[in-house]
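With these hints in hand, go ahead and build the complete structure from the sequences.
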Amino acid sequence: FIPTSLIAVAVQFIGGYASDYIKLKYLLLLFALGMILSTIGLIMLGGISWAYWMVITGNGVVWGLYTVLIGVTWPRFYGLKNLGAISGFSLSLTVIGSALGPYMFSLSADLTGTYDLVAWICLAIAVFLVGLAIKSDNPGLPVKL
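Our numbering numbers the first residue of the sequence shown as 1069 and each following residue consecutively.
Please note that a few of the clues may not be correct.
Think about it this way: if two alpha-carbon atoms lie no more than 30 Å apart in a straight line, the pair counts; the simulated DSSO-like pairs of lysine-lysine are [claimed, not checked]: (1) Lys1093 - Lys1149; (2) Lys1149 - Lys1203; (3) Lys1203 - Lys1093; (4) Lys1091 - Lys1203; (5) Lys1091 - Lys1149.
These are computed hints drawn from the structure, not numbers from a lab.
Next up, the structure:
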C-alpha cells in the first residue's frame, strides 16, 4: 500500500492543481485509464512480473483522482445550493459500490477459482467509462452545435 499511497498523494496534488485549469472530463478520462491499467494488471498477476506495478500505479492514479473528482465535480457542475443532497447521494452510491465490489470478487473466486471473471467485467466498465468521459461535458453549460 505504501507505493500506491505515494503515487496517490502525488496524483492528488497534481490533479487538484490541474482541476482549476482543465475540464474535469480529462481527469475522469485519466481516472478511467488508471482503472484499466489496474484491472489489466490484476488479470495478469502471476503471468508477467510487472503486472504488480500496473496494479500499484493504476490504483495510485485512481485513489488520487477520486478525491479530486469527488470534491470538485459537484460544486462546479451544480453549484453550492444543493451540494449536500447531491454529494450525500453520491456518497451513498460509493458505499453501495464498496459493498458490492468485494462480494462480487469473492463470488467469482468461489465459482471459478479466480478473480478473472469480475476483473474482466471491471475492465469492460472502465472501457465504457472512457467512452462516457470523452462524451461528457458540464451539464450547466449550453450545448454548442
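Hints and how they fare:
no., hint, verdict
1, Lys1093 - Lys1149, "holds, 23 Å"
2, Lys1149 - Lys1203, "holds, 26 Å"
3, Lys1203 - Lys1093, "holds, 8 Å"
4, Lys1091 - Lys1203, "holds, 12 Å"
5, Lys1091 - Lys1149, "holds, 22 Å"
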